[in-house]
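Chains S and A are the protein sequences, given in the same order. In this text, residue positions in the first sequence follow my numbering: the first is 1, and each later residue adds one. In this text, residue positions in the second sequence follow my numbering: the first is 1, and each later residue adds one.
Worth flagging that the hints you see were computed from the coordinates, not collected in a lab. Mixed in with the good hints there might be a few duds.
[As the list claims (entries may be wrong)] Straight-line alpha carbon distances no greater than 25 Å define the calculated DMTMM-like cross-link-like pairs of lysine to aspartate or glutamate that follow: (1) A:122 - S:199; (2) A:58 - S:46; (3) A:122 - S:203; (4) S:206 - A:6; (5) S:206 - A:130; (6) A:160 - S:8.
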Amino acid sequence: MAPSNGIENVWKEGIAREAEPAPLTGKDLQVIVSSRVRKEFKTVSEFVWAAIVYQIILYSFLARTFIRHWGDVQIMLLCLAGGACYIPLTVALIRRIKTLFRRPSEAPGTPVPDVFRKVEGEYARLADFFRFKKRMDWIGVPVSCAIIVLVTFTLFVKGGVEGNPLGGLVVFAVWVGLSVIAIHAENKKRFISPLRHLELLLDDLKRS
Amino acid sequence: MRAEWETAFLTDVNQNIRIVHRVCHTYFPRDAMEREEVFQDIMYQLWKSYPQFKGESKFSTWMHKVALNTAITHIRRSTREPRTEELPEPIAHAPDMNEHMHREEEVRQLYAAIDTLMGIDKAIILLHLEDQDYDEIAAITGLTKTNVSVRLVRIRRALKEYVERNQ
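In isolation and in its complexed conformation, chain A is listed as follows (with noise of 0.2 Å):
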């Protein structure tokens, strides 16, 4: 019966694990070390939640819910203040820097550019990426649809000034 339970498990969670990966890496882009913690954080709630999880929403969206929850309210270990620090100066574009090197600076700034949102921001933004509507966001994060649809259009545009400011 355990073994059973596990193995359900442990296929559900594998078909999504990218989920928790992104989310981990969404929160903590520069700290491996805490980002392995919250990991292993984020696994353990699955493991404890799972029986509660009745299929009433997709297993994404409870999954995004419980790596979320604890990403968020995750507190640091260390007594150290939180990271104030400017996000490192992204590379300037050579003229002759070819496709591949350009697509991956992009990818970059766009991370850098999603690490200067507040937390809940993080998440919306994360979420929408990860191509969940709105009522799924708002279902997530426990905001008004509204609130996330006007949220959205915010952070959209704060990413794009973030972007065009470092370009």
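Bound-form chain S, shown alone (with noise of 0.2 Å):
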């Protein structure tokens, strides 16, 4: 760009040079439209699923082992028990997940946020998110794994846990080493990256 050449000039050159952009058509609207609704929807159901697969799996367990041994009070009971440390936990995700999703900017009436405003709210409510996530990842994470443990001996370890303390505690680390790596990388994914993203943008916004 020669020194003489204001880039204002420049830029006008450019888009002198620029070819017609195909105008939308209707029917370019509706196919936009149902692509975004159809990935809108996949997004939140990832998500969804990813935050409440370890819970599903755990009902599951608990349901199909109450089942199975109707009958049988002491795990009937140790099942309830951990149906009913865990049914708050799940309310509570659900809840979160729910306000994650909804856009305050969608709300009638509402007029479009300037980017900073915008970056503002995507962080505060995707750090809210992880926040609470995270604090719910140190309750549930060791209290769905004792369930399982616990429960697993009671059925199939003679002794159970009691008679079996080191062999409990052994499982117990191992089971919830594997889901701290698993948690880890999904956080990674969902959360640490795209918060590093709008912090660096909040960041540049907030340079004066």
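Using the hints, put the two chains back together into the complex; each one sits in its own frame.
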């Protein structure tokens, strides 16, 4: 770019050379809208699935054991107690997921936010859910692992956890370890990287 | 009713469709698939937000706001890290290069220089080049007018330096 040629002139020259973009037709719009609706649904489903898959495993396990050992009061009580411990966590998680995907700007009559508010809002929403999820994981993972180990040992290991405390502890630790690895990978993909991206944007916006 | 609404939407959007193309090109200059993805996202956001457009601002200002909001907060679907590789070296000017080629190279250099800017700086220079005034740029970005003007000076300097370095 020659120093005499201002960026505005160069930009205008570029625009003048641009080919006329194809207009958007009603059919194009229909295709876009239906594909985006599907995409949005897929994103939410994937997210919900990833967030509650562990709980589905736990509930299936407890339900199956409860039915299979119908009449064995100790096992039935253990399953009920496990479910009762976990239900509040599931309810809290579903409520938070709803909040996360309910975009405030989509409410009728809400004006489109400026870039700063949009980035700030996206960051706040995601960071808030991530904080909640981390707290939930800290409580939920050990509780669910303990329930699974307790029920499994009671069912399949002679003497249960009381008779095999070390074995129970080792299985519990391995289960927790595997869960932590899986959760960390999931968090990195869905929260840590997107939050870092938004944080960089926010820092840039706040920079005067 | 629905058909009328859609016709009005398409008319407004098509009159300003270049805005969406330029935002996509500015933010995703080297990734055609990502660009198409963002283009569709922007169209979808425009379609969803259209009933909220009350005509309080110019349609182009509102469209810039929606397009930039979508492009800036777009998170790449792939897990790859943000691109950090160097921009390709510009082609050196041959003394006998004709005027057309020379101008084309200037335009290419300007796009390459803009690509080196951070997210919001790209938005500011794009809006400035699209003839939006400081008030409009401030309203779209959420920055103060003073901040916009300070940043614009800095951005212009950065672009000039980039071009001089690569000449």
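Evaluated hints:
Using a Cα cut-off of 25 Å, the hinted pair residue 122 of chain A and residue 199 of chain S holds, with the two alpha carbons roughly 17 Å apart. The straight-line distance between the Cα atoms of residue 58 of chain A and residue 46 of chain S is roughly 38 Å, outside the 25 Å bound, and the hint therefore fails. The hinted pair formed by residue 122 of chain A and residue 203 of chain S meets the criterion: a straight-line CA distance of about 15 Å does not exceed 25 Å. Taken as a hint, the residue 206 of chain S and residue 6 of chain A pair is broken in the structure, with Cα atoms around 38 Å apart against an allowance of 25 Å.
Simply put, residue 206 of chain S and residue 130 of chain A have alpha-carbon atoms about 24 Å apart, close enough for the 25 Å limit, and the pair holds. Distance check on the hinted pair: residue 160 of chain A and residue 8 of chain S sit about 12 Å apart at the alpha-carbon level, within 25 Å; holds.
In this structure, the hints that do not hold are numbers 2, 4, in rising order.
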